[in-house]
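In UniProt numbering, the protein residues as written are 1 to 235.
Heads up, a few of these hints could be off.
[As the list claims (entries may be wrong)] FRET-style restraints, in silico, Cβ to Cβ:
#: 1; residue 1: 9; residue 2: 219; range: 28 to 36 Å
#: 2; residue 1: 123; residue 2: 5; range: 18 to 26 Å
#: 3; residue 1: 194; residue 2: 9; range: 26 to 34 Å
#: 4; residue 1: 125; residue 2: 198; range: 44 to 52 Å
Think of the hints as simulated: they come from the structure by calculation, not from any bench. Yeah, the Cβ is synthetic: ideal placement off N, Cα and C, and Gly gets one too.
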Amino acid sequence: MSLDTIVERSASALGYPPVTHGLLNRYFDATELEIAPSARISIGCLLRNRVDIGPYARLSRGCILDGDVSIGRRTNLEPDCDLVGEVEIGNFCAIARESTFQQTNHRIDQPSMQIRLYEEVLDSELPPTADGPISVGSDVWIGTGATILSGVTIGDGAVVGAGAVVTRDVEPYSIVGGVPADRIGWRFPPEIRSWLLELEWWEWSDRRIRKNRAFFERRLDDTGDVPFARAAPID
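Hey, can you work out the whole structure from these sequences and the hints?
Right, dumping it as structure tokens:
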């Protein structure tokens, strides 16, 4: 077993404590970890290449982040999520177990699609293809076993149903589901959606969120709630 493998497995088994960040950044040429001190990474996770994990984010066991991956403040990844390629997830997101974010794809325009054949038999390469980065806004809920594919942007406040395969962009505050995923509803009426997008509460400090407890504990069922909501936020 190589030294690189030993170091990587040890960091994973320990949950990437701060002492391992410098070692990985120093001895792994392709690795660049930026992990906030308050972030929590469970044992058995694997972080490779460029990974940025924001304050108070939580990664449950078995998550794999491999690529140019950014996780926002207080976002949760439940067990066994895979994020591969260029993936950005915003603040306060809830990513359910076994969700997959697959930004790169196999090429299908050459005689074989298997990367291993090109590397081991032909001593060559079969570079992956992609339609662009995956971008997920803030306050997004991704249901269990959902798959988000290359080039997709998911807007703030959206909901992706369990088992959905998302192949195209998802509008803010929409609810999508199915294979391929399609819109099946909205979280709020248009006026409330527009106001929340302007408010961007997910950029507030924890202190400001606590001071606005009444706002967060109230349902926003219809446009009649908008006057209350507009008056609610305080610094």
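For each hint, the structure was consulted:
Distance hint check for residue 9 and residue 219: the Cβ-Cβ separation is about 47 Å, which falls outside the suggested range of 28 to 36 Å. Evaluation of the 18 to 26 Å hint for residue 123 and residue 5 yields a pass: the beta carbon distance comes to about 23 Å. Distance hint check: the CB atoms of residue 194 and residue 9 are about 49 Å apart, inconsistent with the given range 26 to 34 Å. Between residue 125 and residue 198 the beta carbons are some 47 Å apart, a value that agrees with the proposed interval 44 to 52 Å.
Comparing the model with each numbered hint stated earlier shows that hints 1, 3 do not hold.
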